[in-house]
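Enquirer: Here is what each chain is made of, one letter per residue.
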Amino acid sequence: MNLFTPLSWSDSGFILTGILNTVYISVVAIIVGSLLGLLVGFVRAESNKSINMLLGAFLDVLRSVPLIIQLILFTTFIGAMGYPLNPFAAGSIILSLYTMAFMSEVFRSGFDSVPTSTIKAARSLGLNYLQTVRYIRIPIGMRAVFPSWLGVALSVIKDSALVSVIGYMELLRTAEQLISRTQQPIMILIGVGLFYFMISYPLSRYGKYVERKMEI
Amino acid sequence: MNNYEFHWNVVFDAFPQLLSGAFTTVHVSVLSMLVGIVIAVLLALGKLSNNKVFYHFANIWIEIARNTPALFLIYMAYFGLGAYGIHLSPYLAVFSALVFINAGYLAETFRGGFQSIPTTQYSAAKSLGMNNIKVYRYVILPQMFRRIYHPMTNQFVWSILMSSLGILVGMNELSGETQRLQSTSFRTLEFFMVAAAMYFVITKLVLFTSSLIAKKVFKGELS
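Order-wise, the sequence lines are chains C and L. Numbering follows my numbering, with no gaps: position 3 of the first sequence is 3. Just add 1000 to wherever you are in the second sequence, counting from 1, and you've got my numbering.
Among the clues, some could well be false.
Said to hold, decoys possible - Cβ pair distances, simulated, as ranges:
#, chain 1, residue 1, chain 2, residue 2, range
1, C, A57, L, Y1055, 39 to 49 Å
2, C, L35, L, Q1121, 18 to 28 Å
3, L, Q1121, C, R63, 34 to 44 Å
4, L, N1059, C, L85, 34 to 44 Å
5, L, F1208, C, L16, 38 to 48 Å
Claimed, not checked - As a list, the in silico EDC-like pairs of lysine to aspartate or glutamate whose alpha-carbon atoms are at most 20 Å apart:
#, chain 1, residue 1, chain 2, residue 2
6, L, K1204, C, E105
7, C, K158, C, E176
8, C, K120, C, E215
9, C, K120, C, E46
10, L, K1204, C, D60
11, C, K158, L, E1108
12, L, K1052, L, E1108
13, C, K208, L, E1108
14, C, K49, C, D11
15, C, K158, L, E1063
16, C, K208, L, E1063
17, L, K1126, L, E1108
18, C, K49, C, D60
Just so you know, the hints here were simulated from the structure itself, not pulled from any lab data. C-beta: ideal position from N, C-alpha, C; glycine also.
Construct all of the structure, not just a fragment, from the sequences and the given hints.
Expert: Structural data, given as structure tokens:
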């Protein structure tokens, strides 16, 4: 008797779920992480040294501990505290925080890149503080860091594969389960690799193109 | 709120094993970085060369390394090669995946560093009577090294953090060792907290050493 069943068309729904789950958690993490990162980046660009040190230390921990350890620690912690979350919720929270840690640096340098003279000019034209943020600093600063933002976003898509460790059925975990059932690792893995590549490659090319255009 | 009781004794008793796991982590990252650098130099030369075959080979390697998840490449080495009868140990699977990725990223760093030096400097050095070796030894390479130093440090830190994926293929580096230890004692939280702290310390030590070396070597002229 053969224990393994080969890959068939009926698996396509399963694979599609994996793809959608990967896209889903990546999009959530990129959006939430970017918004939080924008906020934190702004606070860091504006605040004094002591607040900066405090925030910096927190972000430093997020960047210096492997994502996989953060995911395991967080799910175990909330489980031990008596509030277990489903893998998607727990994964989104940690992946968003992780994204925030990188995005905040990107946005901070964006805010810093706007010259003080531009801000002063805006103020002298009668814009108030919030208006300069809204109409001057965010549009100019964010445009300058777009390529870096894209780079971080792409790495988040790739890092989302790690959420599989806490049981989220994203693409790579789907693939792993299919492999153990079909014993056809090459075909499945190449398909998975192609999927990531087809998302990441064009976007990274686009990022490089924008970067080059901005240099001129 | 449940009352979770922390039991640290088990973790302290297992500290030697955790340390040996940490050693494996550093070991695999350092080795993958060294081999990665050697391959990266070749790939960077490939991307700069006029030989079409060499160029495309380097290009494909670099783009695959940069545009696919690390975990995918580890699975590829572990399960993928297994299908062809090449059964790598978990250590070798993680090591080869890290080498592949490090080489890809560093190749782009090296190429960027090389191209950031204006060709006029080369001509100027030549016109001063330097031969090719001297031009590279005294003019091009010192400047290039200054520019690729920080990206290289970052790549090394990245390798340390990403070697934690060994947990998924049963490697005995820090994460895998932690996983194994907690599975027999069920002190998951304590063990992973200690592991997180150890990763933090390792990363900080690397960054600290790197900045010390930078101060000594570049004497504050780091661009």
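Enquirer: Run every hint past the structure and note whether it holds.
Expert: Tested hints:
no.	hint	result
1	C/A57 with L/Y1055: 39 to 49 Å	holds (45 Å)
2	C/L35 with L/Q1121: 18 to 28 Å	violated (44 Å)
3	L/Q1121 with C/R63: 34 to 44 Å	holds (36 Å)
4	L/N1059 with C/L85: 34 to 44 Å	holds (43 Å)
5	L/F1208 with C/L16: 38 to 48 Å	holds (47 Å)
6	L/K1204 with C/E105	holds (18 Å)
7	C/K158 with C/E176	holds (16 Å)
8	C/K120 with C/E215	violated (25 Å)
9	C/K120 with C/E46	holds (15 Å)
10	L/K1204 with C/D60	holds (10 Å)
11	C/K158 with L/E1108	holds (19 Å)
12	L/K1052 with L/E1108	holds (18 Å)
13	C/K208 with L/E1108	holds (12 Å)
14	C/K49 with C/D11	violated (55 Å)
15	C/K158 with L/E1063	holds (14 Å)
16	C/K208 with L/E1063	holds (13 Å)
17	L/K1126 with L/E1108	violated (27 Å)
18	C/K49 with C/D60	holds (16 Å)
The structure fails to meet hints 2, 8, 14, 17 from the earlier list, while all remaining hints are met.
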